[in-house]
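Protein chains in written order, with the working numbering: chain A, 1 to 386; chain B, 1 to 291; chain C, 1 to 328.
FYI, nobody ran anything at the bench for these hints, they're computed from the structure.
Treat the hints with care, as some may be off.
Claimed, not checked - Rough simulated footprint, nothing fancy, chain C against chain B, three-plus residues with beta-carbon under 8 Å:
id, segment
1, 73-81
2, 102-111
3, 218-228
4, 263-274
As the list claims (entries may be wrong) - Cut-off 30 Å, straight-line C-alpha distance, at most; resulting in silico cross-link-like pairs (DSSO-like, lysine-lysine):
id, chain 1, residue 1, chain 2, residue 2
5, A, 35, B, 116
6, B, 176, C, 14
7, B, 176, A, 378
8, A, 136, B, 176
9, B, 176, A, 55
10, A, 306, B, 176
Unchecked claim - Now the in silico label distances, taken between C-beta atoms and shown as ranges:
id, chain 1, residue 1, chain 2, residue 2, range
11, C, 88, A, 337, 48 to 54 Å
12, B, 173, C, 26, 45 to 51 Å
13, C, 114, A, 360, 54 to 60 Å
14, B, 166, C, 209, 23 to 29 Å
15, B, 91, C, 89, 42 to 48 Å
16, C, 285, A, 101, 52 to 58 Å
Owing to the predicted nature of the structure, the values given are computational and were not obtained by experimental measurement.
Even for Gly, the Cβ is constructed at its ideal location relative to N, Cα and C.
Residues per chain, in single letters:
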Amino acid sequence: MIRTSITGPIARMAAILLAAALLIAPAASAADTYKIGGLFSSTGRASFLGDPEKKTMEMVVEAINAGGGIDGHMIEAIIYDTEGDPGKAVSGVNKLLHKDRVLAIVGPSTTPTTLAVISFAQKARVPLISCAAGIKITTPVKPWIFKTAQSDVLAVAAVYRKMKAEGVKSVGILTVANAFGESGRTQLLDQAKANGIEVARAESFGAKDTDMTAQLTKIRTANPDAIVCWGTNPGPAVVAKNAAQLKLTIPIYQSHGVASPKFIELAGPASEKMRLPTGKILVHELLDDSDPQKAVLASYVADYEKTYQMPVSGFGGYAYDAMRILEKALAGTNGDRKKLRDNIENLTGYVGTTGTFNFSASDHNGLGEDAFVMVEIKDGTWQVLH
Amino acid sequence: MQEILQYLFSGITSGAIYAIIAVGLCLLYNSTELINFAHGEFVMLGAMGLVTLWVHCELPLPVAFVITVAGVSLFGLVFERFAIRTVKTPDPIVLVIITVGASILMRGGAMLIWGKDPMGTPTFTDLPPLELGGAMLLFQSVWILLAALVLCLALHLFFTRTLRGKAMAACAISRKAAWLAGIPAEGMILLSFMMSTGAGAVAGIFIAPVTMSSYDMGTMLGLKGFCAAMIGGLGSLWGALAGGFLLGILEAMGVGLVSSGLKDAVAFLLLLLILYVRPGGLFRATEAARF
Amino acid sequence: MTGNHTAESATAGKTATVIRYAVLFTVVLMAGAFVENPYYLQVLTFIGLNVILALGLNLLMGYAGQISLGHAAFYGIGAYGTGILTANYGISPWAALILAVLLAVIIAYLVGVPTLKLSGYYLGMGTLGFGMIVHILIREWASVTGGASGLVGIPSLSLGAISFESPRNYYLLVWFTVLAVIEICRRIVCSRMGRALRSIHDSENASRAVGVNTSDLKLKVFVLSAALAALAGFFYAHFVSFISPESFGFIASVRMVTMVVIGGMASIWGALFGAVLLTVLPEVLHSFADFEMVVYGMILITVMIFMPQGLTRGVIDIYERSKKGKLQ
């Protein structure tokens, strides 16, 4: 039953295609404003990353503007949601680069979404500071791409360092079936030997799985000295509960993916004695006063909680650092992207919420070992392990 | 040996979850020959309702239970009235897409109402896990199992002993004949929708302490629920129950004995197998013995 | 089923079609010539990709009346097929294109034979199950596909001296392919095969009774739609140079079905319309990201309840009805 009349379809088709081609013309922007783009997964399965990051970026932009902007220029934040989908990230980044013509981009929040947009930012020669952890983002170094999140390389290194000190010789690993878990798994397997540890068993679980007792049982048969679980909420909470249910006594290490009060809330008493690497933001109150990060963290936490009436999450800090780095680097550039990029690359000794950043031409992540501390959960709260 | 027993118990835990979801799905199919792709979202609503009423508002558990089930059933009524009954051409394609659209809508709505974070619920009782030969079974899993059995039994009695139930069964077998006998088809369909969504809510309430509740928990659970219902055979409630347990146990055995990576694939491979080889399901019920 | 069969003379019908295609062709060329902004070119390119997807699925769902809830699997096979061959093994993209489409065709054939025997809901579930299995396979077979972390380094396309790396060239490449695909689909629809397909949709038993080989035909259409989806996947992979399993899951299959449903099944122009609408809508909804799911769901439900033949037909019907009203 095909229509063969002339009216309607043609006109409509042409109109739609032309409309699609021209879309809504962007309003002329003030020449004085610095436009900074943001790409976060504020909805979707990585929203626990993207949502605090988006809120943090908006908060920092407002604070900068309240202080008179940068060199007298106000900042406008243009933020799009990637939904954790690389395809949407691509369309979002193109919109920021070519429609909104931003000076720089903060985000995206996850490694796959970042990897999807890297080539576009590079081609457009616009600095991009990602909040994602994957090492492929900054290794090999790409001139316009930076990141503020700690690599899982460092996280795994911190975990293994502690294990080595405790005399652990064999581990069983349990990772979630997504990019974060996979990256952790690769690192855990790669770094084991150098730390004198043997990986006895490697299992995986789905992000929405409801029961991991089978995997834990399988790992237990290999008799490891410790178990490492690498994932993001809610999976590891279920693992914790299952481990308690199975009466497992061997120490269990988690990843920084669960470095948030949410984990303790979800896992309840089962989270006792679990250890994990975390950025210092989680335990900022327990830090020594001599720690340079303590002041930065305290002010970030206070601002966030006052503005949004909700507890801060460790992940928002990546966006905080990215925006503050941009703030420093934009000074004196007058909107020149090349100068901005060079300023970022030459930034050293910047104390942020994630750690102390020392960028260089060969290091676009800039973090060192101080980016992580090992903590243990005791009585429903965090305790720093030394 | 102890491991195999533990895998079995793991399987029973997941299996009970799939089973209780599959029963609700099957119930609707039996009465209306409609597969509700949004069933998983009703389960989610049940779980979220429990979290809001029991954990946040701190109402006593039985009160929270009743209000949640009633609320979700009411929502099922609205769904049937507005999304299903108004359809002029009840083509399978059309109905499938409507229910898929409804599931997306409900998920989006839940995200706006409850936010994106997962939420935990305490277990109903503080009893320690059951231990059998060194293998552990969470007590909440026993509750889920019992709930599934009771639900199945109650529905069975409803369909075979009560007049209304028999009327609903008659409607499913032949709408025209039932109409001739004076049974209002539309009312029956509405009732079965409410019962099915209510059953979904019951499932959600019981499984919430074991899984974590979040706005997107319904998708995978719904899909696995279909697989379970198909495996057991869409024509029979007890079949759905059995299908759920079978799926759960096979999944756990697969993880334990083969590989954990392909766990999700087990459900869908079984689904395809059943569809190709024995579309009536393992426990193919004859017309008369549907309930 | 509503819908008038406006009986026009054969020549008038042919002229109308030629004019329509000429207009489309011109619009495509003009957009390619005058649109400079890479962002708009990218949106147009994505529209083109989605049109190819929608056309294939439209043949299957609209004309043959078979529902597929797992078509993103073929999209993924096309994308990963070419991605693996070009990024990991350095094979020429054009050779990879042929191999990837061939792979999709073979898999479609193998899956189609048992699955298409099912009907209604069972078919929907069967295709859904198949789609999920492919998605899981892509995610777990990390050594080959890069797993959940995705596949990087997919090269851009070039043919001899012409490079398709620039947004404009890629847009033109995709859209010329789209026009070719539209032509192919139109020929099928207007041929004997097309009429046979429509008869299957209206009543499978009746068409079998008059001697139409229904299972053979359904399989052919299924395989064709899989090949088109793989073609679209090929273009997608070389456009974004990074692919990951998330883009080929259940949600992607639902989006494809939505395009066909909204545009109107059994209508090539409907497929175009659906693809355009559903590519542009998320761009416009960017500011309402949190409401996107709610809007999507509402659109699906409303269109299916009130205009099950799709938005195109529904709007035409309303227009025709109002015209009739004026005459009276």
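Results for each hint:
1. 73-81: Violated: only 0 residues of the segment 73-81 of chain B have a Cβ under 8 Å from chain C.
2. 102-111: holds (count 9)
3. 218-228: Coverage by chain C holds for the segment 218-228 of chain B (4 residues, Cβ < 8 Å).
4. 263-274: It holds: at least three residues are needed, and the segment 263-274 of chain B offers 6 whose Cβ sits within less than 8 Å of chain C.
5. A:35 with B:116: With a Cα-Cα distance of about 29 Å, the restraint between residue 35 of chain A and residue 116 of chain B holds, given a limit of 30 Å.
6. B:176 with C:14: violated, 47 Å
7. B:176 with A:378: Status violated; Cα separation ~67 Å.
8. A:136 with B:176: violated, 65 Å
9. B:176 with A:55: Since the Cα atoms of residue 176 of chain B and residue 55 of chain A sit roughly 59 Å apart, the hinted pair is violated (cutoff 30 Å).
10. A:306 with B:176: Distance of about 65 Å is beyond 30 Å: violated.
11. C:88 with A:337: 48 to 54 Å: violated, 34 Å
12. B:173 with C:26: 45 to 51 Å: violated, 59 Å
13. C:114 with A:360: 54 to 60 Å: Hint holds: Cβ distance 59 Å, inside 54 to 60 Å.
14. B:166 with C:209: 23 to 29 Å: At roughly 38 Å between Cβ atoms, residue 209 of chain C and residue 166 of chain B fall outside 23 to 29 Å, so the hint is violated.
15. B:91 with C:89: 42 to 48 Å: holds, 45 Å
16. C:285 with A:101: 52 to 58 Å: violated, 21 Å
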